[in-house]
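Asks: So you can see what is in the structure, the chains are spelled out below.
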Amino acid sequence: MIIAERKPLAEIAEMLKPFQKICILGCGTCVTVCLAGGEKEAAETAAALSLLRQKEGQKTEISTFTLLRQCEYEYIDDFIAKNEFDYDVILSLACGVGVQTMTTRMPDKIILPGLNTKSMGYPVEQGVWTENCLGCGDCVLDLTLGICPIARCSKSMLNGPCGGSQDGKCEVSKDIDCAWHLIYERLSKMGMVDRMNKIQPPKNWSTSHHGGPRTIIREDVRLETGE
Amino acid sequence: MKPESNLEKILTSGHFAVTGELGPPRSAYVDEIKHHADAMRKHVDSYNITDNQTAIVRTSSIGVAASLLQMGLEPNVQMTVRDRNRICLQSDLLGAVSFGVRNFLCLQGDHANFGNEPQSKNVNDLDSMQLIQALKNLRDEGVFISGEKLEHPLPRIFIGAVANPFADPFEYRHLRLAKKIEAGAQFIQTQCIFDMDRFEKWMEKVRELGLHKKTYIMGGVTPIKSIGAARYMQKNVAGMIVPEALIERIKGAKDRQKEGIKIAIETIQRLKEIEGIAGVHVMAIAWEEVVPEIVESAGLYPRPKVD
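Chains as they are written, first to last, in my numbering: chain A, 1 to 227; chain B, 1001 to 1307.
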């Protein structure tokens, strides 16, 4: 899933200053699970923002809605069809993908981001979400039996732990597990530690964002125009 | 091909090598570092020049290397993969070789979080292992990482890497060294040794695999200047072990600085006795003036001349 965090209220208030009629739009999937931009957070943001603007004497009309997904036309189109839109601005509480998909579908509206999109990862426990995939486009989890050194090693190393790994922790922070320590332990347990002795060649980063923005086109499943 | 690097000549002819280390300044004023280099010119075989160490912006390692060569001194250019992608690393290598640098030390580099530009991008296009291999392929195969050929063969360079026996997982550290040797590391400089027991345990594993016969291992030695410096290394530098007993020993000494120097000399003397140790790398950054005394007292002076 995609993990995000709501922007600080002050930043949201600042970007919404020029506007009066505001729509705060929650998103019902990933950001609901990570408690950043779902229905509940949309309502909370609306309440906090109203209070703040009231204090500052700004005229305000805020409505809230929540789509199941702001990243798919199907849900956006349904939403547009069922609602009248005379807002000055939409504050999207979706991830960066949702904000942009909304923008392509509503090109004459101003849609601003209410969240900072952080990473692809998973909920470890209540209140903890962690990154574990960078979307590099060339998965190496087969080499490490399921622990990603690209996303989880602070230096994205491919050939084992650096000299800053101590007591299983990364040099960057004691809150970060050393991915290569975890990989070493996992491979040892599986009797496959010799995998770490093979030199991994330089990675092809062109399959990642470094090759430019990526689009996948599957001709076999595409619909021809008019079909 | 004959070695062109003095360090390579010293090591291949069986002498116990001594290298020093210089940390470039946070300015383009290099007179002071040149002065430090000059003061130990008779005491070290080659000078490591750090590459923006602890991710703090400094004069480039290659820039200082140019100054050293003009002074008739031999640089060992440290190259981390933190700040440069493979285009820049290979290009900088060629540039440095073009004006006479022959020693290169490949490192990963401290994370940029530690430095004075914590908001920067960490490049890490290659890792340190891949950089070692890239340098070897440039020299031995005459090819870039892409597989394209160099237009002209590279002169003989001497390729180094680092090893940290004090980092974890300990059981993997000698295997990582084996991998670096396979990648092309001809000499190894270790992290500063304060925990000699752990170092010797690591060396046992190194010898079991015969790695000491496949590369030249130089033990890292740092004289402790103050209790504060020791505490800093103990608490804030990941992958370093500074035993409490060592700090207590310095604390109890009449002259703490003298004791720090004495410990460094003792460390070198122990290293000289360890099978498979080919030299020492003295890292006395910000305390360069004590290097001659340490080298002399450790019985490593005068330095051999090899042609």
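Accuracy of the hints is not assured; some may be wrong.
As the list claims (entries may be wrong) - Calculated pairs, DSSO-like style, for lysine-lysine (alpha carbon to alpha carbon, straight line, at most 30 Å):
hint : chain 1 : residue 1 : chain 2 : residue 2
1    : B       : Lys-1235  : A       : Lys-198
2    : A       : Lys-109   : A       : Lys-189
3    : B       : Lys-1034  : B       : Lys-1002
4    : B       : Lys-1201  : B       : Lys-1042
5    : A       : Lys-198   : B       : Lys-1034
6    : B       : Lys-1225  : B       : Lys-1214
7    : B       : Lys-1205  : A       : Lys-169
8    : B       : Lys-1201  : A       : Lys-198
9    : B       : Lys-1121  : A       : Lys-174
10   : A       : Lys-7     : B       : Lys-1235
11   : B       : Lys-1034  : A       : Lys-169
12   : A       : Lys-189   : B       : Lys-1034
13   : A       : Lys-109   : A       : Lys-82
14   : A       : Lys-169   : A       : Lys-109
15   : B       : Lys-1002  : B       : Lys-1214
16   : A       : Lys-198   : B       : Lys-1205
17   : B       : Lys-1149  : B       : Lys-1214
18   : B       : Lys-1225  : B       : Lys-1272
19   : A       : Lys-82    : A       : Lys-55
20   : B       : Lys-1205  : A       : Lys-174
21   : A       : Lys-174   : B       : Lys-1235
22   : A       : Lys-198   : B       : Lys-1136
23   : A       : Lys-17    : A       : Lys-109
Claimed, not checked - Quick list of simulated restraints, FRET-style, between CB atoms:
hint : chain 1 : residue 1 : chain 2 : residue 2 : range
24   : B       : Lys-1258  : A       : Arg-195   : 45 to 53 Å
25   : A       : Ile-199   : B       : Leu-1154  : 19 to 27 Å
26   : A       : Gln-126   : B       : Glu-1273  : 36 to 44 Å
27   : A       : Arg-214   : B       : Ala-1245  : 39 to 47 Å
28   : A       : Lys-198   : B       : Lys-1272  : 29 to 37 Å
Calculated directly from the structure, the hints in this document are not laboratory data.
For every residue, glycine included, the Cβ atom is placed at its ideal position computed from N, Cα and C.
Asks: So, for every hint listed, does it hold in this structure?
Replies: Evaluated hints:
1. B/Lys-1235 x A/Lys-198: The given pair, whose Cα atoms are some 33 Å apart, is violated under the 30 Å limit.
2. A/Lys-109 x A/Lys-189: Judged against 30 Å, a Cα distance of about 55 Å means the pair is violated.
3. B/Lys-1034 x B/Lys-1002: Given pair B/Lys-1034, B/Lys-1002 holds - Cα atoms ~29 Å apart, limit 30 Å.
4. B/Lys-1201 x B/Lys-1042: Cα-Cα ~33 Å, so violated.
5. A/Lys-198 x B/Lys-1034: Not OK: A/Lys-198 and B/Lys-1034 at ~41 Å, beyond 30 Å, violated.
6. B/Lys-1225 x B/Lys-1214: violated (34 Å)
7. B/Lys-1205 x A/Lys-169: holds (23 Å)
8. B/Lys-1201 x A/Lys-198: holds (24 Å)
9. B/Lys-1121 x A/Lys-174: It holds: about 21 Å lies between the C-alpha atoms, which stays within 30 Å.
10. A/Lys-7 x B/Lys-1235: violated (34 Å)
11. B/Lys-1034 x A/Lys-169: violated (38 Å)
12. A/Lys-189 x B/Lys-1034: Outside the cut-off at roughly 52 Å; violated.
13. A/Lys-109 x A/Lys-82: holds (16 Å)
14. A/Lys-169 x A/Lys-109: violated (47 Å)
15. B/Lys-1002 x B/Lys-1214: holds (18 Å)
16. A/Lys-198 x B/Lys-1205: This hinted pair holds, its Cα atoms lying about 19 Å apart.
17. B/Lys-1149 x B/Lys-1214: holds (28 Å)
18. B/Lys-1225 x B/Lys-1272: holds (23 Å)
19. A/Lys-82 x A/Lys-55: Answer violated: A/Lys-82 to A/Lys-55 is near 33 Å, above 30 Å.
20. B/Lys-1205 x A/Lys-174: Holds: B/Lys-1205 and A/Lys-174 sit about 28 Å apart, inside 30 Å.
21. A/Lys-174 x B/Lys-1235: holds (12 Å)
22. A/Lys-198 x B/Lys-1136: Measuring from Cα to Cα gives roughly 17 Å; hence the hint holds.
23. A/Lys-17 x A/Lys-109: Holds. A/Lys-17 to A/Lys-109 sits at ~16 Å (cutoff 30 Å).
24. B/Lys-1258 x A/Arg-195: 45 to 53 Å: holds (49 Å)
25. A/Ile-199 x B/Leu-1154: 19 to 27 Å: holds (21 Å)
26. A/Gln-126 x B/Glu-1273: 36 to 44 Å: Since A/Gln-126 and B/Glu-1273 have Cβ atoms about 56 Å apart, the given range 36 to 44 Å is violated.
27. A/Arg-214 x B/Ala-1245: 39 to 47 Å: violated (55 Å)
28. A/Lys-198 x B/Lys-1272: 29 to 37 Å: Distance hint for A/Lys-198, B/Lys-1272 holds at roughly 35 Å.
Against the hints set out earlier in the document, violations occur for numbers 1, 2, 4, 5, 6, 10, 11, 12, 14, 19, 26 and 27.
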